[in-house]
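Peer 1: Sequence:
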Amino acid sequence: MPLHPRQQRMILTGKTISPGLARGITRVIDARGVLDAALSVAPSGPPQAEVERLHAAVGRAGVELDRLQRQLSGRLDAGDVAIFASHAGLLHDPKFLGRIEAEIRVGGQSAEAAVSRVASELRATFLANPVPLVRDKATDILDIGRRLVRCLSASLQPELEMEQGTIVVATSLTPSQLVRYSHHGIAGVVTETCGPKSHTAILARGLGIPLITGIAGACELIPQGTTAIVDAAAARVVFQLTDAERESFQDLFEQQAAALSDAEEAPPELPITQDGSHIRLLLNISDAVEAAGLDMLGADGVGLFRTEFAYMDREGWPTTDEIYASYRQLAEIVGDRELHIRLVDFGAEKCPPYSDIPLSRNPSLGLRGIRLLLQREDILLPQVQAITRLAHERRLTLLLPMLDTVDTLTATIDTLCRTIGCASREQFPFRLGAMIEVPSAALQVAEILPQVDSVSIGLNDLTQYLLAADRDDEFVERYHDPMQPAVLRLLQAVVATASAAGKPLTICGELAGDPKLTGLLLALGVRRLSVARSNYRGVANSIRRLSLRSMEGVGAEITAQPTAAAVRKYVAERFG
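Quick note: the sequence shown uses my numbering, first residue 1, plus one each step.
Because the hints were derived from the structure by calculation, they are not lab data. Take the hints with a grain of salt, since some may be wrong.
[Stated by the list, open to error] Taking CB as the label site, the calculated pair distances span: (1) Y570 - E477: 55 to 65 Å; (2) P439 - D251: 24 to 34 Å; (3) T410 - A493: 32 to 42 Å; (4) S424 - E477: 42 to 52 Å; (5) G62 - E477: 38 to 48 Å; (6) E477 - R389: 34 to 44 Å; (7) V63 - W317: 54 to 64 Å; (8) E426 - L374: 17 to 27 Å; (9) R395 - E557: 50 to 60 Å.
[As the list claims (entries may be wrong)] Calculated pairs, DSS-like style, for lysine-lysine (alpha carbon to alpha carbon, straight line, at most 30 Å): (10) K15 - K503; (11) K516 - K503; (12) K15 - K95; (13) K516 - K15.
For every residue, glycine included, the Cβ atom is placed at its ideal position computed from N, Cα and C.
Sequences and hints are given; from them, build the entire structure.
Peer 2: This is how it looks when you write it as structure tokens:
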């Protein structure tokens, strides 16, 4: 008869969210328990009294969040600390509080039960959204709900004491929980769910806490109080170790300690090639939180700010003032570095849950990007006004998403002039950039360049449209290959045209973030890359190992290859 999984040695494999190696005693926790318990709390008085209790709890929760931000200031990057500023914003959101008050006044609920119901409903809404970044907001809602319930009834959520070196195991973990447990020196985290761009994930990386997710049934499979290893490099959790495994992991721990010591002492190294050329290396971000680490990494700025995701965790369209405030917060983190803000790219799978944007039969080929914005000035104008306001305070670039033709560009410039009150593009307070993501725009780039200050190539979408392979369709996933010669030849042509016009060109997308392909892009003439924060160091290291002088003629040899396989073989042999 087989042993129960809690009694035998096991290796569970998941997905790495935050790198590192950790060893400790497991502590299995239930993040939803407090909200479930709150549902059974009866009102202690009439509805008005419950509403007053709610407002008092909101005040206490706000004080807690302010205190938490002060405690973390200096310990984490400003962007990481900003997570809790966003929590405070939702805590005082009139619509959020209005829904809770309605549960109290109309539904006859206690303040605790009302908070639980509304938080659970919002969490379910976010979890059902097809956009991963929106689903990640479910954890933030859970965090805020738990905090409010605790401020209403501390007995419902006894504070868990974590010993130093604990491995936390949970279905999911909120940002507040992670920070609180980090004060006790937890060693690692294992969860069943955690989005790679969630606030919890970002904080884990910022705090240097290894985190593995995607282990179904982790809370049932991993026993309470056992010694476990979180090996993020292999995306695995090992418990009930053998003596040989203990010795092997001990060697890895010693190597990790030495590497961390060296990294902390070394200053950021600029992405400069062996022959002294500075390649501009920027970050792709979706909110201010992801801009954290610019100083530590030494990045040249934000090359692509995907603004649409900030609209997803709301209950209604933001005002110009609200948009400006969030961009102003980002600008403070970025400082005097480059800042490229893309207008919202709604359509396809990215639409706010409250929007009335029609869903096309084929979303990727439907109404999206700048086409949508030109038809929906009620969405476009507030964002343009906020960006214009910020542009009077600092230098920035406004990026036009999914530009397709010169006609669309002309119509967009006319709309921007009318919105801002300018007679011509030359009077814009910001620089104007075009996202080249559609083959028609790539083929017309020579006519587009005179009307913009820069171009950015969204290689993921450009590959999708050029190869007729939906980037999100698993059945054609293997056809969505940016290493196809057709993609690389078009890319090289756009790069050459922009260079001849003297206009900056930046590559965004997964290809830019792959250190093994940095040499390929430089050989094609690319001198500006915008990558995910997690890919920055790898790409920077690749740049420092390369020499532009040695690449003469290499780009032509790459694009002369007949197949993607031949391209990969050539790149591997040429750049290692």
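Peer 1: Each of the hints needs a verdict: does it hold here or not?
Peer 2: Evaluated hints:
Distance hint for Y570 and E477: a CB-CB separation of about 23 Å, inconsistent with the stated range 55 to 65 Å. For the hinted restraint 24 to 34 Å between P439 and D251, the CB-CB distance of approximately 51 Å leaves it violated. For T410 and A493, the hinted distance range of 32 to 42 Å is not satisfied, since their beta carbons lie about 23 Å from each other. Checked against the hint of 42 to 52 Å, the C-beta distance between S424 and E477 comes to roughly 45 Å, which is consistent with it.
A C-beta distance of roughly 46 Å is found between G62 and E477, which places it inside the suggested range of 38 to 48 Å. Range check, E477 to R389: about 42 Å between beta-carbon atoms, so the 34 to 44 Å window is met. The hint said 54 to 64 Å for the Cβ distance between V63 and W317, and at roughly 30 Å that hint is violated. Range check, E426 to L374: about 21 Å between beta-carbon atoms, so the 17 to 27 Å window is met.
At roughly 38 Å, the beta carbons of R395 and E557 sit outside the given window of 50 to 60 Å. The straight-line distance between the Cα atoms of K15 and K503 is roughly 40 Å, outside the 30 Å bound, and the hint therefore fails. Proposed proximity of K516 and K503 is supported: the alpha carbons are some 27 Å apart, at most 30 Å. This hinted pair does not check out: K15 and K95 have alpha carbons roughly 36 Å apart, beyond 30 Å.
With a C-alpha separation of about 21 Å, the suggested pair K516 and K15 falls inside the 30 Å cut-off, and the hint holds.
In summary, the structure is inconsistent with hints 1, 2, 3, 7, 9, 10, 12 from the numbered list given earlier, while agreeing with the others.
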